[in-house]
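Asker: As given, the protein sequences belong to chains R and G, one line each in that order. Just so we're aligned: 94 in the working numbering is position 94 of the first sequence, and the numbers increase by one with no gaps anywhere. Counting the second sequence from 1 gives a position; the working numbering is that position plus 208.
No lab work stands behind these hints: they were computed from the structure. Warning: the hint list may mix true and false statements.
Derived Cβ-Cβ restraints for the label pairs, each shown as a range [said to hold, decoys possible]:
hint, chain 1, residue 1, chain 2, residue 2, range
1, R, N133, G, L324, 28 to 36 Å
2, R, E155, G, H304, 21 to 29 Å
3, G, E323, R, S29, 50 to 58 Å
4, R, S5, G, L324, 52 to 60 Å
5, G, H211, R, S134, 21 to 29 Å
From chain R, some residues computed to sit far from chain G (all C-beta separations above 12 Å) [claimed, not checked]:
hint, residue
6, W22
7, F24
8, D28
9, T50
10, A75
11, A108
12, D120
13, N138
14, F149
15, H150
16, Y206
In silico SDA-like links for lysine to any residue, alpha-carbon gap of 20 Å or less [what the hints assert, rightly or not]:
hint, chain 1, residue 1, chain 2, residue 2
17, G, K256, R, S136
18, G, K213, R, V165
19, R, K151, G, A259
20, G, K280, G, V244
21, G, K256, R, H150
22, G, K213, G, R296
23, G, K256, R, V165
24, R, K151, G, K256
25, G, K291, G, A259
Built from N, CA and C at the ideal position, the CB exists for glycine as well.
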Amino acid sequence: MSFTSVHDMLTPPKIIRKQRFWDFFDGDSLRSWWAQRDVAGTGTFAMQATVDDGFRITTGSTSGNNSLIDFNDAARHYSHIGSIFIGNMRSTSVTDHYTITGLTEQGASPSDTRYNWKNDSTISFMSMGTAVNSSSTNVSSSITPDTNFHKVAAEAKSASVIGWVDDILEAISTANLPDVALQPIFRQGTRSDNAKGGRIKYIEAYNT
Amino acid sequence: MRHYKKLNISFAGFLNRELIAEEFTRPTQIQIGPRVQPHIDGNITFQKDPARPWAINCFMAQVNFRSSDEHKVMRIMNKYGGKVVQLREELHQRGHEETDNTSKGKEYNFECVDELISHRSFN
Numbered sequence: 001m002s003f004t005s006v007h008d009m010l011t012p013p014k015i016i017r018k019q020r021f022w023d024f025f026d027g028d029s030l031r032s033w034w035a036q037r038d039v040a041g042t043g044t045f046a047m048q049a050t051v052d053d054g055f056r057i058t059t060g061s062t063s064g065n066n067s068l069i070d071f072n073d074a075a076r077h078y079s080h081i082g083s084i085f086i087g088n089m090r091s092t093s094v095t096d097h098y099t100i101t102g103l104t105e106q107g108a109s110p111s112d113t114r115y116n117w118k119n120d121s122t123i124s125f126m127s128m129g130t131a132v133n134s135s136s137t138n139v140s141s142s143i144t145p146d147t148n149f150h151k152v153a154a155e156a157k158s159a160s161v162i163g164w165v166d167d168i169l170e171a172i173s174t175a176n177l178p179d180v181a182l183q184p185i186f187r188q189g190t191r192s193d194n195a196k197g198g199r200i201k202y203i204e205a206y207n208t
Numbered sequence: 209m210r211h212y213k214k215l216n217i218s219f220a221g222f223l224n225r226e227l228i229a230e231e232f233t234r235p236t237q238i239q240i241g242p243r244v245q246p247h248i249d250g251n252i253t254f255q256k257d258p259a260r261p262w263a264i265n266c267f268m269a270q271v272n273f274r275s276s277d278e279h280k281v282m283r284i285m286n287k288y289g290g291k292v293v294q295l296r297e298e299l300h301q302r303g304h305e306e307t308d309n310t311s312k313g314k315e316y317n318f319e320c321v322d323e324l325i326s327h328r329s330f331n
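Please construct the entire structure, taking both the sequences and the accompanying hints into account.
Answerer: Shown next as structure tokens:
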């Protein structure tokens with residue numbers, strides 16, 4: 001069977017393919033579509049030179065320091081009522097830190113409009129967060145944070161956001177759902193005077 | 209004034225989490241700004257049933273819902289043979305973060321809930 005285009009190879013007939021993005025965080029540097037940003041303090045951004053450990057963000061060493069990668073608030077392609085986000089992330093610590101990946105409106109405003117998954121030392125379980133205009137809600141999963149990679153995923157629908165961890169449905173939120181288009185983000189923060197690290201080795205986002 | 213209740217429901221049988229999720233989150237016809245009102249204003253955490261951790265079709269759904277939707281929650285519970293079981297209060301479904309500005313920005317997590325519904329052990 002022959003196809004007339006790559007679009008036809010990847011998409012069922014009579015369907016116009018919607019926007020999709022993915023990154024395996026391989027190679028010796030971060031791809032150019034990402035912006036590396038320090039929200040507070042000076043973080044370190046680097047590809048890990050180890051097997052299957054992805055890209056690393058290490059924060060500065062003052063409480064409240066945090067750094068991130070996103071699309072620099074310049075390209076928000078993903079719908080707040082019909083998109084899916086998938087990430088594979090881990091934290092290198094389980095104390096005094098947070099590691100977040102998901103879709104957000106403003107990368108540098110952690111409480112602004114978004115839906116995401118996070119490991120946060122103030123919460124005893126991995127949690128799915130939703131927020132709109134700085135009103136936020138966290139829904140716990142039953143997964144205790146550790147330093148292993150976890151595949152996290154969430155789907156924004158018209159009336160809810162549904163979240164999975166390691167392919168198991170864990171959380172649903174119908175509160176404070178985002179109301180504008182969103183961009184991917186990976187963020188690492190510290191809540192103590194020690195630098196904290198996070199790793200990301202896969203991000204995918206697409207409109208449904 | 210919104211009033212939120214919380215309970216933990218144990219489901220057993222030929223069910224899966226997606227089915228219960230669909231029951232709770234199916235959209236209504238009511239449009240509110242850029243979104244649609246959900247059938248139930250409720251956030252859920254799914255967990256394995258600790259009494260039957262090997263059974264993938266046995267699970268618990270801890271729900272924090274608006275009290276005006278209580279009859280809908282109870283209807284879903286009855287439809288699928290769910291039972292109210294012990295709450296896991298450490299799992300938050302409507303968690304919020306609060307920053308303590310007096311001690312270097314330490315953040316705490318608390319939950320917005322007004323009423324807890326749980327079973328009572330008579331052992």
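Asker: So which of the earlier hints does this model not fit?
Answerer: 12, 13, 17, 18 and 19
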